[in-house]
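Undergrad: Taken in order, these protein sequences are the chains called Y and H.
With this note's numbering, the residue at position 199 of the first sequence is 199, and numbering never jumps.
With this note's numbering, the residue at position 324 of the second sequence is 788, and numbering never jumps.
Simulated from the structure, these hints should not be mistaken for lab results.
Glycine included, each C-beta is placed from N, C-alpha and C at the ideal position.
There's no promise every hint is true.
Said to hold, decoys possible - Partner residues aside, some chain Y positions facing chain H, computed with beta carbon under 8 Å:
#  : residue
1  : Tyr36
2  : Leu40
3  : Pro166
4  : Ser363
5  : Arg365
6  : Gly394
7  : Asp422
8  : Arg425
9  : Asn441
10 : Arg443
11 : Glu444
Unchecked claim - Here are the in silico distance ranges between beta carbons for each label pair:
#  : chain 1 : residue 1 : chain 2 : residue 2 : range
12 : Y       : Lys399    : H       : Glu563    : 53 to 63 Å
13 : Y       : Ser398    : H       : Asp542    : 42 to 52 Å
14 : H       : Lys925    : Y       : Asn315    : 50 to 60 Å
15 : Y       : Pro64     : H       : Ser605    : 51 to 61 Å
16 : H       : Glu855    : Y       : Lys319    : 28 to 38 Å
17 : Y       : Ser398    : H       : Glu737    : 33 to 43 Å
To be verified - Computed list of lysine-lysine pairs in DSS-like fashion (alpha-carbon distance at most 27 Å, straight line):
#  : chain 1 : residue 1 : chain 2 : residue 2
18 : Y       : Lys399    : H       : Lys489
19 : H       : Lys488    : H       : Lys776
20 : Y       : Lys436    : H       : Lys900
21 : H       : Lys498    : Y       : Lys399
22 : Y       : Lys34     : H       : Lys863
23 : H       : Lys900    : Y       : Lys47
24 : Y       : Lys461    : Y       : Lys379
25 : Y       : Lys399    : Y       : Lys413
26 : H       : Lys655    : H       : Lys687
27 : H       : Lys734    : H       : Lys874
28 : H       : Lys687    : H       : Lys616
29 : H       : Lys511    : Y       : Lys436
30 : Y       : Lys346    : Y       : Lys270
31 : Y       : Lys436    : Y       : Lys100
32 : H       : Lys863    : Y       : Lys25
Protein chains: 2
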Amino acid sequence: MRPTFLFFALILLCINIGFAQDAKKDEDAFFIRKIYDQALTDGQSYKWLTHLTTGIGGRLAGSPQAAAAVEYTKQMLDTLGLDTVWLQPCMAPHWIRGEKEQVRIVNSNKMGTVELDALALGNSVGTGKYGITAEVIEVRSLDELEKLGRAKVEGKIVFFNRPMDPTQIRTFRAYGGAVDQRGVGPSRAGKLGAVAALVRSMTTRHDDVPHTGGTFYEEGTTKIPGVAISTNAANLLSRLLEEEPVRVFVRTTCKMFEPKLTYNVIGEIKGSEKPDEIIVVGGHLDSWDVGQGAHDDGSGCVQSMDVMYHLKQLNYRPKRTIRCVLFMNEENGLAGGRAYADESNKKGEFHMAAIESDSGGFSPRGFSADAEAEVFNEKYRKATSWLPLLEPYGLHFSKGGSGADISPLKSQKGLLFGLRPDSQRYFDYHHTHIDKIDAVNQRELELGAAAMTSLIYLLDKYGL
Amino acid sequence: MRPTFLFFALILLCINIGFAQDAKKDEDAFFIRKIYDQALTDGQSYKWLTHLTTGIGGRLAGSPQAAAAVEYTKQMLDTLGLDTVWLQPCMAPHWIRGEKEQVRIVNSNKMGTVELDALALGNSVGTGKYGITAEVIEVRSLDELEKLGRAKVEGKIVFFNRPMDPTQIRTFRAYGGAVDQRGVGPSRAGKLGAVAALVRSMTTRHDDVPHTGGTFYEEGTTKIPGVAISTNAANLLSRLLEEEPVRVFVRTTCKMFEPKLTYNVIGEIKGSEKPDEIIVVGGHLDSWDVGQGAHDDGSGCVQSMDVMYHLKQLNYRPKRTIRCVLFMNEENGLAGGRAYADESNKKGEFHMAAIESDSGGFSPRGFSADAEAEVFNEKYRKATSWLPLLEPYGLHFSKGGSGADISPLKSQKGLLFGLRPDSQRYFDYHHTHIDKIDAVNQRELELGAAAMTSLIYLLDKYGL
Numbered sequence: 001m002r003p004t005f006l007f008f009a010l011i012l013l014c015i016n017i018g019f020a021q022d023a024k025k026d027e028d029a030f031f032i033r034k035i036y037d038q039a040l041t042d043g044q045s046y047k048w049l050t051h052l053t054t055g056i057g058g059r060l061a062g063s064p065q066a067a068a069a070v071e072y073t074k075q076m077l078d079t080l081g082l083d084t085v086w087l088q089p090c091m092a093p094h095w096i097r098g099e100k101e102q103v104r105i106v107n108s109n110k111m112g113t114v115e116l117d118a119l120a121l122g123n124s125v126g127t128g129k130y131g132i133t134a135e136v137i138e139v140r141s142l143d144e145l146e147k148l149g150r151a152k153v154e155g156k157i158v159f160f161n162r163p164m165d166p167t168q169i170r171t172f173r174a175y176g177g178a179v180d181q182r183g184v185g186p187s188r189a190g191k192l193g194a195v196a197a198l199v200r201s202m203t204t205r206h207d208d209v210p211h212t213g214g215t216f217y218e219e220g221t222t223k224i225p226g227v228a229i230s231t232n233a234a235n236l237l238s239r240l241l242e243e244e245p246v247r248v249f250v251r252t253t254c255k256m257f258e259p260k261l262t263y264n265v266i267g268e269i270k271g272s273e274k275p276d277e278i279i280v281v282g283g284h285l286d287s288w289d290v291g292q293g294a295h296d297d298g299s300g301c302v303q304s305m306d307v308m309y310h311l312k313q314l315n316y317r318p319k320r321t322i323r324c325v326l327f328m329n330e331e332n333g334l335a336g337g338r339a340y341a342d343e344s345n346k347k348g349e350f351h352m353a354a355i356e357s358d359s360g361g362f363s364p365r366g367f368s369a370d371a372e373a374e375v376f377n378e379k380y381r382k383a384t385s386w387l388p389l390l391e392p393y394g395l396h397f398s399k400g401g402s403g404a405d406i407s408p409l410k411s412q413k414g415l416l417f418g419l420r421p422d423s424q425r426y427f428d429y430h431h432t433h434i435d436k437i438d439a440v441n442q443r444e445l446e447l448g449a450a451a452m453t454s455l456i457y458l459l460d461k462y463g464l
Numbered sequence: 465m466r467p468t469f470l471f472f473a474l475i476l477l478c479i480n481i482g483f484a485q486d487a488k489k490d491e492d493a494f495f496i497r498k499i500y501d502q503a504l505t506d507g508q509s510y511k512w513l514t515h516l517t518t519g520i521g522g523r524l525a526g527s528p529q530a531a532a533a534v535e536y537t538k539q540m541l542d543t544l545g546l547d548t549v550w551l552q553p554c555m556a557p558h559w560i561r562g563e564k565e566q567v568r569i570v571n572s573n574k575m576g577t578v579e580l581d582a583l584a585l586g587n588s589v590g591t592g593k594y595g596i597t598a599e600v601i602e603v604r605s606l607d608e609l610e611k612l613g614r615a616k617v618e619g620k621i622v623f624f625n626r627p628m629d630p631t632q633i634r635t636f637r638a639y640g641g642a643v644d645q646r647g648v649g650p651s652r653a654g655k656l657g658a659v660a661a662l663v664r665s666m667t668t669r670h671d672d673v674p675h676t677g678g679t680f681y682e683e684g685t686t687k688i689p690g691v692a693i694s695t696n697a698a699n700l701l702s703r704l705l706e707e708e709p710v711r712v713f714v715r716t717t718c719k720m721f722e723p724k725l726t727y728n729v730i731g732e733i734k735g736s737e738k739p740d741e742i743i744v745v746g747g748h749l750d751s752w753d754v755g756q757g758a759h760d761d762g763s764g765c766v767q768s769m770d771v772m773y774h775l776k777q778l779n780y781r782p783k784r785t786i787r788c789v790l791f792m793n794e795e796n797g798l799a800g801g802r803a804y805a806d807e808s809n810k811k812g813e814f815h816m817a818a819i820e821s822d823s824g825g826f827s828p829r830g831f832s833a834d835a836e837a838e839v840f841n842e843k844y845r846k847a848t849s850w851l852p853l854l855e856p857y858g859l860h861f862s863k864g865g866s867g868a869d870i871s872p873l874k875s876q877k878g879l880l881f882g883l884r885p886d887s888q889r890y891f892d893y894h895h896t897h898i899d900k901i902d903a904v905n906q907r908e909l910e911l912g913a914a915a916m917t918s919l920i921y922l923l924d925k926y927g928l
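From just these sequences and the hints, can you work out the full model?
TA: See below:
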């Protein structure tokens, strides 16, 4: 064989590989375009979300609404022609808010008695039926509380008032920088002898809308009532505290009951070639009891269901096993996420990837990705190699957390993604009575489902 | 000088240049961070927009509300400490909608009489006080209309019913693909002897909200009334037309009056080093008469005003002249944009760059850029070299149109930008009675002002 021939043969080979790669890329671009066409003309998510929100409503784990949501979403998944749909039992905390919260400034010199918009924090104990009245002491951080010490805190109502930082471009960072006050503030205050805790609502808005959310008592601490007040109420209380000592009356009748049997809802398409490599897409089915849990996280659930619907409508037969998981009890315990990972680990399953949508049904801007350090770089590099296929749809990748429900799967050493929609409006609605269907835009919701379907297509086709 | 010394000297020089460039980049990153901090903690735009929308309302050129908007925004600009604030006169069409539109299907066999949600198109003639009743003929395009010809069109009401394509990711492309029906549909139908035209509303939503918008009569055509009907109404009418001939009654009393003297509102900071290189930031002050013109384009106006406010608050002294221009009559004539460019050309001014915000006050995703072909590439390359400074804020560049008001400046051979916010929700509200302040999110609005301020800082500092 003459070298010249070899040379030309090599050139031809290269050209062929080039063509094959281009053809593959074209095929992918074409299929993703089909996914978006399908999602934007035949999406079911908005219809499902309408029922989940206006038909069922707030769905706190253990509530009749949560049971209705389990039944409804299972019924809907049953219609999609998946290989298997099942319920996975778990025991979740059962907390009930009780009567409408009362929080008021009493007999101040400047303003007399002032009602404050408030919501008890989830998991909180109640005040007892006659409520609690005590002097308020304001702090901006857990550290500041510790420094005050028992002498200054005992017998008081501690008021945690550090705002979310409005200059953060991603509002979740602002949330992350403030939410310790809600999560463990009451517990820490109780440890120092406080009688109750007020927490500034987790939002950058200045309005009258109180935001609930989970609070958690650390072991061995005295449980004291925790209550969120609106940012306007927090600002008013803080201003008044600059002028004079302030006493506040708090009354909540919330209570934790015995854990309840409840369920994750799961639908699966079995992989045709590598059924043991599992890709999960999911959101959480429970929500807070106030409002309708439309963005948090009805959106993530119906988008995940729509991923399965779109794959079936497009006659896509996955190589790997694709599962839609609607997790229970993300808001006040994570029982569903833990039960799912526990059973999966027991069975020796391998989750090659998981995607969670739990940042609202807003216009998608990409995915964050997370994994065990030892496997992250290689897998992330592979995922980001698909960027040219996703950028035309406004999608980018970033490093960062995925989602609370899928995070227990991290030890299986797959790549975990969080759908990252535009975050500007999320904390207007988060954990409030205004998180309703009318805050969700159908196209934005459908684009999120399309984004996740597209990523799942690439994950399934190429692996990690 | 020994070569070795020269070699080291060169190396040192390179390192120094490297450091200097890094320092410059750090300085820019720092200043842009300051702009965002300022914009997200001290933005005035939402407050101004609240007055412009709930205090003044819809502001069609020639209306008392438009005059109020001119006065209000001039007063606000007067408070900012700019070098000059002035009104620039222009003559704008003066069109009045008149009484509430009536459009109904009359005496159909299947459905009897059905009211259709409708709005007269801007600039349209009225039907006369007794209205018009005629048989409806549906077309999907101007071409289809031409093919039907006078024989089939004469005496009929032409119904333009091509929907906006929901599979477009950028909704403005879907709008661009359908809006010819509204813009010249009635004119073309009139030319073929039609007695009126109905136009499907420009939105991908299926709802009862009619969307108005400008229609323009080509020279020498018989002017016939043009009316938009809601997408639900359009779908119903289309379904009925499949079953039977349909007659529709249309009554509008809208009318074009003599042009009115009105104004662009302009505020300027004179450049300290290159005052003859002008950078404009603007939006249009007029809006349709229905709704409050919140997204279209109150948002663009108050964002542009906020750019000036932020520059002043940050004590930024521009090298080049920065002008905020609130244009009049974008919606139904572009008199303001033309008057501004005409005067500028007469004075021999050079607009190095202009930015228009007229795509709603939604979360910004970047800028589109446009220029005369001969200068585009070099200027676009320079602008996109700033991308690393803007990407942390979710901003990207794309090629494409800028804004109607600044487009007449293109012949001055500067670079024209359009602020590109997320477009998913824009056509839910565009030209409707629901384009109100409650559809605008304060943070999203402020981020748009921050994005434009940042780009103006870079344009001013580095030129093009």
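Undergrad: Could you work out which of the previously given hints the structure breaks and list their numbers from low to high?
TA: Per hint list: zero violations.
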